[in-house]
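Please model the complete structure; the sequences and the hints are all you need to start from.
There are 4 protein chains.
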Amino acid sequence: MASTRVAVVGATGYTGEELLRLLLHHPAIQLTYLAASAKWERPTPVSDVFPRFTGQLDLPIEPVDPARLLKASDAVFLALPHGEAMKLAPALVDAGKLVVDLSGDFRLRAPGLYPQWYHLEHAAPSWLTDARVAYGLSEWCRDAIAKARLVANPGCYATSILLAILPLFQAGLIEQDAFIVDAKSGLSGAGRKAETPLLFGEMSQNLRAYKVNQHQHMPEVLQGIEQLTGRHGRMTFVPQVIPVHRGMLSMIYLRTGSALKDVMAAYARAYPAGRAPFVRVREGSLPQLRDVVETNRCDIGIMHDGSGQLIIASALDNLTKGASGQAVQNLNLMLGVPETAGLL
Amino acid sequence: MASTRVAVVGATGYTGEELLRLLLHHPAIQLTYLAASAKWERPTPVSDVFPRFTGQLDLPIEPVDPARLLKASDAVFLALPHGEAMKLAPALVDAGKLVVDLSGDFRLRAPGLYPQWYHLEHAAPSWLTDARVAYGLSEWCRDAIAKARLVANPGCYATSILLAILPLFQAGLIEQDAFIVDAKSGLSGAGRKAETPLLFGEMSQNLRAYKVNQHQHMPEVLQGIEQLTGRHGRMTFVPQVIPVHRGMLSMIYLRTGSALKDVMAAYARAYPAGRAPFVRVREGSLPQLRDVVETNRCDIGIMHDGSGQLIIASALDNLTKGASGQAVQNLNLMLGVPETAGLL
Amino acid sequence: MASTRVAVVGATGYTGEELLRLLLHHPAIQLTYLAASAKWERPTPVSDVFPRFTGQLDLPIEPVDPARLLKASDAVFLALPHGEAMKLAPALVDAGKLVVDLSGDFRLRAPGLYPQWYHLEHAAPSWLTDARVAYGLSEWCRDAIAKARLVANPGCYATSILLAILPLFQAGLIEQDAFIVDAKSGLSGAGRKAETPLLFGEMSQNLRAYKVNQHQHMPEVLQGIEQLTGRHGRMTFVPQVIPVHRGMLSMIYLRTGSALKDVMAAYARAYPAGRAPFVRVREGSLPQLRDVVETNRCDIGIMHDGSGQLIIASALDNLTKGASGQAVQNLNLMLGVPETAGLL
Amino acid sequence: MASTRVAVVGATGYTGEELLRLLLHHPAIQLTYLAASAKWERPTPVSDVFPRFTGQLDLPIEPVDPARLLKASDAVFLALPHGEAMKLAPALVDAGKLVVDLSGDFRLRAPGLYPQWYHLEHAAPSWLTDARVAYGLSEWCRDAIAKARLVANPGCYATSILLAILPLFQAGLIEQDAFIVDAKSGLSGAGRKAETPLLFGEMSQNLRAYKVNQHQHMPEVLQGIEQLTGRHGRMTFVPQVIPVHRGMLSMIYLRTGSALKDVMAAYARAYPAGRAPFVRVREGSLPQLRDVVETNRCDIGIMHDGSGQLIIASALDNLTKGASGQAVQNLNLMLGVPETAGLL
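Protein chains in written order, with this note's numbering: chain D, 83 to 426; chain R, 83 to 426; chain Y, 83 to 426; chain X, 83 to 426.
It should be emphasised that the hints constitute simulated quantities derived from the structure, not laboratory data. Please read these numbers as outputs of a predicted model, since none were measured by experiment. Incorrect hints may appear among the rest.
[Unchecked claim] No more than 25 Å apart at the CA atoms, straight line, and that leaves these computed lysine-lysine pairs for DSS-like: (1) R:293 x X:275; (2) D:343 x R:293; (3) D:293 x Y:293; (4) D:275 x Y:121; (5) Y:343 x X:343; (6) Y:275 x D:275; (7) X:293 x R:275; (8) D:275 x Y:293; (9) X:169 x X:153; (10) Y:275 x D:121; (11) Y:293 x X:343; (12) X:153 x X:229.
Here it is as structure tokens:
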């Protein structure tokens, strides 16, 4: 495969680190430019920030310089905090670059949603519905992603929930379109931020709920249901952090009038054998984190209690399929190389 | 306070270790006999099994010897695996000892439930409804416990769930009496058993569901609702283990037609100020494990989404309020000493 | 016992939290004033900072106000970062308060050492050798502590190392007075600071050495050897953090010409039975962290390879015996109440 | 590259699991037979034992059947407990198979050492010095490995220690040939055995030393020094387990009369640029576990205190470079494919 010159902006965070881990061994990609946010003080060898890459990657991480970014890359991963990507992405697309944005800046299409859930004005609102932008849930948006110039990579919770419930909404199997999600995430989902609640000492023997029914991935899930199945959903959402670095499990509770075999058939239609290499569906048991960590897979397990209650567990690695792995999968789709290139 | 001579049978497990930790400093209790199951090979200094107690407790842990047990103690904690306590407890009670059983052997009253959920015949079925036996949910059964000779100490999940939902059942605030429990437990809940799924290597970065809708604490919860409120409940139960040693959080989802203030009033009636020193109830936020670990407290947080969905989190330490701490609380009630003696 | 009014300044950190945990149940102490550093913005209920204390402690944590501090307390624990205690302590002592300072501000007596190792000028250098100040290694300085007005509570590493090697220096058993310390500490030793290297994600599966031969507890150890045994020591020191919140184990390597029985006799003289209730010494095996965590004990194990090499492990809880527990032990000595009051 | 048919015997343990993880994506290898020990009860899909491999590896794990093993494979990894490999390996070699043995069965050459350190008689002692057997420290034994039919893959501690000290012994830079190793290992080094000391509950907040100066990797290190540098070493060895699943750090203390630049020159000669792709040496700082986990690298950091004391840290992943990764590296050498094939 020919090699695409790729930049990672936001290389100092956990999703940035994971992008480097994956891209170092990608057969169709050459890393050519690494940047942090503009507040980063000076070019720093990547081995100073992440000693694990010593001898493998001989680039500095620089304060982001748009001119150098344009010159050095054909495709760009933006792994920045919310609010920063929207300032960089439009110019990159206009200059002909392919962009995968891992932040929430381009995920919500309806005006007003972004300020409501991210507590920020949007700097480029017209781009939210621009035809060059696609939502990056790989398994459900392949054609749009392949044609897009800017992919809004989904949130980690949104990925784990949508992959698990879209087949049921598509098949119309959920009573009253209501569901409850009790989700548990590794701490890396909160980013590599120097904040007290993320300290080892606060979390090493803890479990903590946060942003109950107020997490910004909620409107993303509801928009995804509507956009991809034409239906309306109602969601109760309790995200929680548990003492692991990587991994996420969304436990989904919903009621159905359908038999288990019809439920399973909906999944088989949504993820036909051989067509969704990163999604594994099982009946009668639930996945554990250990099955998916450090992979790009999403494991979905379905149980039915015989009287209408479905229990669905969706497990993935929040840094891989929930962020950087899916971002690579999406760039693969944009480049027309095999969807699985560089991914396990 | 006068000192009661107390034996711990099953002293080599995690609930046994926790009993020793608590009883060492109990003002009204003197530890006089420590035993393991009959399979234990020979008397062993407690400091060989738990070096932390070196110099604090100068007793051997012996293979259980009923004659010595009778002679050495006035009250007995049975911290044995299910199926063993039922062989020892009746003779102890008949001999005039006070017994607190931490296993599931005397919790389920209806014939047939024990074999169905514990996969064992019961050796003393007439005792399940004997007048000398009380269910040991301290805050709800104080009078019965005070009169009982044998207390069936509740299961850890049952304690965390019942303390959180009984006020609502009592007040008749739950639609259709149905609720969902997504519970997370520290590994110590599974006991100190040499089994592969409990290894550090299996769980250090894992989360795993088990016994979905098949856990033996389910019938205990439903029986507790009926016995203590006269109502019938329907429960979906997904227990999970997370990588902590101690701590349990039950996240409970249910629907109500009542306003939050009526919900809170139900809790205030159930746990009046000053009358339930180990239960803390809060509105609008959810407790974390860190708030209760190594204490005998149960923290309950209640959130209402404004359209009928209640989210209730109940946090406790599965080894303390979920097992050994509540067991001490129950013996305090039986002895007529302050309920909080020896507990934090 | 009569009750002493006690203030904790620096109540929002990990040693502050541990002081509150211990003092809440201390029989001779009443907490009357809680403060954070002067940068703290506004009085905040302690239950907002540490929800675990809800209902147990009805005081706000305030920005430190020297006038209120003087009025509200008879004794003061200073649990502040290095450099802050030295600004507060002298006035407190001059006003007749008893002070236990948990920082490094008053530990090093020789002028020049403080700036060299703490990279700060000292604000009150004359106090470093003031007669009212005592070094707070409880087991070795009891008389001085009992007479002091200001106790410089030892560093966690210093406590674990000095308790283990002072008996050998005192007895003159170490060849060339040289020893190597390979020490491992829980993360809480670094404080409750929002810094990237202390994040859960950086440390959850990590071990990291830091400040090799440059840690500020080194000169404290060497001074302690000289002050308490009159000898000179040479130390190689490699501190490391491991993924636990609490606990510290110092593995000490040194050479001796003496037999093991002479070594053990030195320990027996230093810690006679019944005279050092928190120090446990064993021969032929090494302690583990689990034996001492959440207690005020220091466990010391000694092995001799038969050809002159001694291996000594010293284990304690860095927040208890290594900080707040020893601080309480020291105030007990100053107050003339039993040394073990309020401690396990 | 042509594909070699490979069997893994001992596929149900942690080193077995790691072999599967690595070999699944190896460009020159095809997995054709998976076995457990003969005690394994019945053929079981690999996805039942390790759900993570579901859909990736469609082989059962069978009780080992020597006839099927011979027929199905050209090369065999033996990842069995000590004492089992020695019964299988000779027949495999005699039948022309290439064998990499991850146990200790063929590491110690001198008669008497195996029974002394492994507490077992050896079933095939003549093989310990057979010309077809090579010690598998890849970077130091490449030529012998390339010619061997049976490679005795080194122990994890031995790998981490030998890679760090052989350059110094080779160059004759160590005073009195004595050194101290304070080593910390993840729990997976103890294997996937259902034993109480390996439970999550015993180790989640613990650090524990074991087999002090009695670990079976000690004679292996001393033999390696002698065999590979012709010198004699003296070792003090304190292995410890810490609460991580993977990763090992050996902290080595030794004295030298040489300057740091001469020390570094010794490493540069031992690991010339480009010739030891998995060894990274640095001066003046020490590696952390996070830098090497899930890779086949060994990171070595060297510090010199200016007065003769060297501090050397050697970090690797005990399951990869300390076991299965080095085993793959060795089979690569035996097969004549690039040493790095299938490894990161």
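Would the hint linking residue 293 of chain Y and residue 343 of chain X be met if the CA-CA limit is 25 Å? Since the Cα atoms of residue 293 of chain Y and residue 343 of chain X sit roughly 22 Å apart, the hinted pair holds (cutoff 25 Å).
Between the alpha carbons of residue 343 of chain Y and residue 343 of chain X, is the straight-line distance 25 Å or under? Outside the cut-off at roughly 43 Å; violated.
Given the proposed pairing of residue 275 of chain D with residue 293 of chain Y, does the C-alpha separation stay at or below 25 Å? Within the cut-off at roughly 23 Å; holds.
Taking 25 Å as the top limit, are the C-alpha atoms of residue 153 of chain X and residue 229 of chain X close enough? Distance ~23 Å between residue 153 of chain X and residue 229 of chain X Cα, so the pair holds.
Against the 25 Å threshold, does the CA-CA distance of residue 343 of chain D and residue 293 of chain R hold or violate the hint? holds (22 Å)
Straight-line Cα separation of residue 169 of chain X and residue 153 of chain X no greater than 25 Å? With Cα atoms ~18 Å apart, residue 169 of chain X and residue 153 of chain X stay inside 25 Å; holds.
Below or equal to 25 Å on CA atoms is what counts here, so check residue 275 of chain Y against residue 275 of chain D. holds (12 Å)
Need the status of pair residue 275 of chain D, residue 121 of chain Y: alpha-carbon distance at most 25 Å? holds (21 Å)
Given hint residue 293 of chain Y paired with residue 293 of chain D - CA-CA distance at most 25 Å: violated (38 Å)
Sort out whether residue 121 of chain D lies within 25 Å of residue 275 of chain Y, counting only the CA atoms. holds (21 Å)
Holds or violated: residue 293 of chain R to residue 275 of chain X, with C-alpha atoms at most 25 Å apart: Holds, because 23 Å separates the two Cα atoms, which is no more than 25 Å.
Below or equal to 25 Å on CA atoms is what counts here, so check residue 293 of chain X against residue 275 of chain R. holds (23 Å)
Consistency with the previously given hints fails for numbers 3 and 5, ordered from lowest to highest.
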